[in-house]
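Novice: Here's the letter readout for the chains.
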Amino acid sequence: MPEENGNGKNGNRVGLLERVKAGVKEDVQSLKTDMPAKAKEQIEGLKDPTKTQVFTSIFRHKHDDTPRNRALGVLSNVFLHLHPAKINRDAVRYSYTWGMGGITFYLFIVLTFTGVLLMFYYHPSKVQAFRDVLYLEHDVPFGKLLRNMHRWAAHLMVIAVWLHMFRVFLTGSYKKPREFNWNIGVLLLVFTLLLSFTGYLLPDDQLGFWAVTVGTNMARATPLLGHEGPFGKMLGMTPYNDVRFGLLGGSIVDANALLRSYIWHCIGIPIVASVLMIVHFWRVRKDGGISGPAPVMLTSEADKPRRKVE
Amino acid sequence: MDWRQLWEICSAPDNVPIVGLIPLLIFYIYLAWKQAKANDELIGELETSPAMAKTHHRKTWPFRPGWQKEIHVWPFLLRIEFLAAIIVTIILMVWSITLSAPLEEPSNPNLTMNPAKAPWYFLGLQEMLVYFDPWIAGVVMPTLIIVGLMVIPYIDTNPLGSGYYTWKQRKFAIGTFMFGFVILWVAMIIIGTFIRGPGWQWFWPGQTWDHNRLIYEVNRDLPDLFGLTSNLAKAIFGAIVVGGYYLAGGFLVHALFRRYNPKDYQRMSLLQYSIMMFFWLTMVALPLKMLLRLAFNIKYVWITPWFNV
Ligand code: HEM
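In order, the protein sequence lines correspond to chains A and B.
Take the working numbering: the final residue in the first sequence is number 310, and no numbers are missing along the way.
Take the working numbering: the final residue in the second sequence is number 309, and no numbers are missing along the way.
Mixed in with the good hints there might be a few duds.
[As the list claims (entries may be wrong)] Below are the DSS-like pairs computed for lysine-lysine, each with C-alpha atoms no more than 27 Å apart in a straight line:
1. A:K286 - A:K86
2. A:K176 - B:K289
3. B:K168 - B:K34
4. B:K299 - A:K233
5. B:K69 - B:K37
6. B:K59 - B:K171
7. B:K37 - A:K176
8. A:K144 - A:K126
9. B:K34 - A:K176
10. A:K32 - A:K47
11. B:K171 - B:K263
12. A:K51 - A:K38
13. B:K69 - B:K59
14. A:K86 - B:K69
15. B:K289 - B:K299
16. B:K168 - B:K37
17. B:K69 - A:K286
18. B:K54 - B:K37
19. B:K168 - B:K54
20. A:K25 - A:K40
21. A:K176 - B:K69
22. B:K59 - B:K263
23. B:K263 - B:K289
24. B:K299 - A:K176
25. B:K171 - B:K34
26. A:K62 - B:K59
27. B:K69 - B:K54
28. A:K86 - A:K47
29. A:K286 - B:K59
30. B:K171 - A:K176
31. A:K21 - A:K32
32. A:K62 - A:K51
33. A:K47 - A:K21
34. B:K263 - B:K37
35. A:K176 - B:K263
36. B:K171 - B:K54
37. B:K69 - A:K62
38. A:K62 - A:K86
39. A:K176 - A:K86
40. B:K59 - A:K86
Derived by calculation from the structure, the hints in this document are not laboratory data.
Produce the entire structure from the sequences given, and follow the hints as far as they go.
Specialist: Structure (structure tokens):
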């Protein structure tokens, strides 16, 4: 047992107690002086949140209004960096692009958002589908608004794509070097229409049912691959093995058609369309940005042969 | 005049987009035309004075020396994008609050809707069903439209009018596209929406839909008019008519194209030229076939045991 000084008193212990007392006193003192100072510092810091560690970890540069920071604000942001830092001064005139490509994309985002919310309430089965839509309309908070927004945004998107294509044509923006991107665009047009069409069946009401019946009945007549189409019979096509059967998962629009529609509408086509949009935007940049408004060209300047003719 | 019928068609929720599309399209055609006109005037001026063409900045908007050629995306572009997003959101909100999406009775295969219409954006194709068999209207035409759109950049060899609105430098291209888009696509949709009633019959706007109306149309086939009876004769006759259309029409277009678009003609390769001819003639065949039907009640031109055109 440790007995270092023999006087029998716990001298050491007394020393410890005093030290603890002094320490506590110091702590209290520090609380009184340091904390207010720190609090003051904290409040000062709040006046400029851009200096906090959290802020600087998110935004990697300052936001003073300098040309450098304006450029960085775009370039260092994953969502904005599809844009260049600077563009031609006339390219922002919306009388040129009508903003239609951008509006189409925005509507696609709105549709994805409202669509995911709708999916929480919808079962793609014959028993449930129609009831789910009724439930959405009457009981789900804001369900009706949600459904309406999804529907109207879809219609608007179709209109916006058409107008976008129209302006791309009128400005000759499909010409060299943008031929390929025009083709990506045509595919996007097709997928936009297919998205809209596959969604039409999902409420499982008379409107969608007959629209899809009319639409897919045409597939019966596909040359070679439909049982009513030219040469179809010769190739052994029947209502139970032709393309229409493949599309509907049956010979009539029924439960399987509903499920197929649902999967194409909510998973298949959105994924393909998203990939195509990424390529589309990428190519807009790679092809040298928006085609114009370009300086006008004169007939005499167009005569120079574009390719060398041997 | 049945105003109620007209109102019911125009205010059917799924028809509202088309009611909206018409003024939008008119507005954007106007906007494009205005800029094309300004550009064409500038081009005309520059063509006549080479000295001015050397120094001019070649746009209809002002530009002064010393102005920066480029501007920052933030704020000058992004603010427009954000504003557009807000405006679109507001329009959507108001539209969704005031007008509800349609929901009919539960689907019932035993109760046919009359008229049973495709969604409005496909009504042009459904309208074609009146004039063509389903394999053409439903399968061949959509395919040709898609392929036709895709080949456009590869057959339009005109380097002029890239990146600005113009009419004078691209009359043929723009005329063709406007015809296809505005007349053949949008106008057919408008007919399908506002005019076609029960039994897909023609009802003028404001005419009451009569579900019991029957029209006795005696449709004839072109070979019958020429007194052909045997299958073989009909098939050969049809092939000659259709082939003749492409040959004679092709020759006519060739004669005109060569004269009025000599530069494009020179620039185009044989492949480009033939592809253009094929699509152009096929597109123009649509209204011709419609005319045959409407004016002469002719249903088929070419009859074979396998397919009819
Ligand atoms: C989902 C559909 C589509 C989306 C989201 C989309 C989006 C965009 C965006 C944001 C731009 C930038 C310029 C602008 O806003 O006008 C653009 C440009 C372009 N788009 Fe699309 N687009 C779509 C469909 C189409 C279609 C149907 C076509 C043509 C058939 C097309 C052809 C082009 C071309 C050629 C450009 C380059 C235009 C230029 O440089 O002026 N796109 N697209």
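Novice: All the hints need checking, so say for each whether the structure fits it.
Specialist: Going through the hints against the structure:
1. Restraint check for A:K286 and A:K86: satisfied, since their Cα atoms lie roughly 15 Å apart, inside the 27 Å limit.
2. Taking the CA atoms of A:K176 and B:K289, the gap is about 35 Å. The hint is violated against a cut of 27 Å.
3. As the CA atoms of B:K168 and B:K34 are separated by approximately 13 Å, the hinted pair is consistent with the 27 Å bound.
4. A hinted pair counts as satisfied when its Cα atoms are at most 27 Å apart, and B:K299 with A:K233 qualifies at roughly 23 Å.
5. Proximity of B:K69 to B:K37 is assessed by CA-CA distance (about 24 Å); at most 27 Å being required, the pair is judged to hold.
6. For the proposed pair B:K59 and B:K171, the alpha carbon gap of about 20 Å is at most 27 Å, so the pair holds.
7. Restraint check: the Cα-Cα separation between B:K37 and A:K176 comes to about 24 Å, which is no more than 27 Å; the hinted pair holds.
8. Straight-line distance between C-alpha atoms of A:K144 and A:K126 comes to about 21 Å, which keeps the hinted pair within the 27 Å bound.
9. The hinted pair formed by B:K34 and A:K176 meets the criterion: a straight-line CA distance of about 25 Å does not exceed 27 Å.
10. Between the alpha carbons of A:K32 and A:K47 the distance comes to roughly 24 Å, so the proposed pair stays at or under 27 Å and holds.
11. Of the pairs offered as hints, the one joining B:K171 and B:K263 holds, with about 13 Å between alpha carbons and a cut-off of 27 Å not exceeded.
12. At most 27 Å may separate the alpha-carbon atoms for a hinted pair to count; A:K51 and A:K38 meet this at roughly 16 Å.
13. Between the alpha carbons of B:K69 and B:K59 the distance comes to roughly 13 Å, so the proposed pair stays at or under 27 Å and holds.
14. The suggested pairing of A:K86 with B:K69 holds, with an alpha-carbon distance near 10 Å, which does not exceed 27 Å.
15. Among the hinted pairs, B:K289 with B:K299 is consistent with the structure: their alpha-carbon atoms are about 9 Å apart, no more than 27 Å.
16. For the hint linking B:K168 to B:K37, the alpha-carbon distance of about 9 Å falls within 27 Å, and the restraint holds.
17. This hinted pair checks out: B:K69 and A:K286 have alpha carbons roughly 20 Å apart, not beyond 27 Å.
18. Simply put, B:K54 and B:K37 have alpha-carbon atoms about 22 Å apart, close enough for the 27 Å limit, and the pair holds.
19. This hinted pair checks out: B:K168 and B:K54 have alpha carbons roughly 21 Å apart, not beyond 27 Å.
20. The hinted pair formed by A:K25 and A:K40 meets the criterion: a straight-line CA distance of about 23 Å does not exceed 27 Å.
21. The straight-line distance between the Cα atoms of A:K176 and B:K69 is roughly 23 Å, inside the 27 Å bound, and the hint therefore holds.
22. The suggested pairing of B:K59 with B:K263 holds, with an alpha-carbon distance near 24 Å, which does not exceed 27 Å.
23. Only pairs whose Cα atoms come within 27 Å are accepted, and B:K263 paired with B:K289 is rejected, the gap being roughly 32 Å.
24. Straight-line distance between C-alpha atoms of B:K299 and A:K176 comes to about 43 Å, which puts the hinted pair past the 27 Å bound.
25. In summary, the hint linking B:K171 to B:K34 is supported, as the alpha carbons are separated by about 15 Å, within the 27 Å threshold.
26. Restraint check for A:K62 and B:K59: not satisfied, since their Cα atoms lie roughly 37 Å apart, outside the 27 Å limit.
27. Taking the CA atoms of B:K69 and B:K54, the gap is near 18 Å; set against the 27 Å cutoff, the hint holds.
28. A threshold of 27 Å between alpha carbons decides the hint, and for A:K86 with A:K47 the separation of about 31 Å lies outside it, so the pair is violated.
29. Simply put, A:K286 and B:K59 have alpha-carbon atoms about 24 Å apart, close enough for the 27 Å limit, and the pair holds.
30. About 19 Å separates the Cα atoms of B:K171 and A:K176, which keeps this hinted pair within 27 Å; it holds.
31. Using a Cα cut-off of 27 Å, the hinted pair A:K21 and A:K32 holds, with the two alpha carbons roughly 17 Å apart.
32. Pair hint A:K62 plus A:K51 holds up; C-alpha atoms about 9 Å apart against a cutoff of 27 Å.
33. Our distance criterion of 27 Å between C-alpha atoms is broken by A:K47 and A:K21, whose separation comes to about 39 Å.
34. Taking the CA atoms of B:K263 and B:K37, the gap is near 22 Å; set against the 27 Å cutoff, the hint holds.
35. At most 27 Å may separate the alpha-carbon atoms for a hinted pair to count; A:K176 and B:K263 meet this at roughly 17 Å.
36. At most 27 Å may separate the alpha-carbon atoms for a hinted pair to count; B:K171 and B:K54 meet this at roughly 26 Å.
37. Only pairs whose Cα atoms come within 27 Å are accepted, and B:K69 paired with A:K62 is accepted, the gap being roughly 26 Å.
38. In summary, the hint linking A:K62 to A:K86 is supported, as the alpha carbons are separated by about 18 Å, within the 27 Å threshold.
39. At roughly 23 Å between alpha-carbon atoms, A:K176 and A:K86 fall within 27 Å of each other, so this suggested pair holds.
40. Taking the CA atoms of B:K59 and A:K86, the gap is about 20 Å. The hint holds against a cut of 27 Å.
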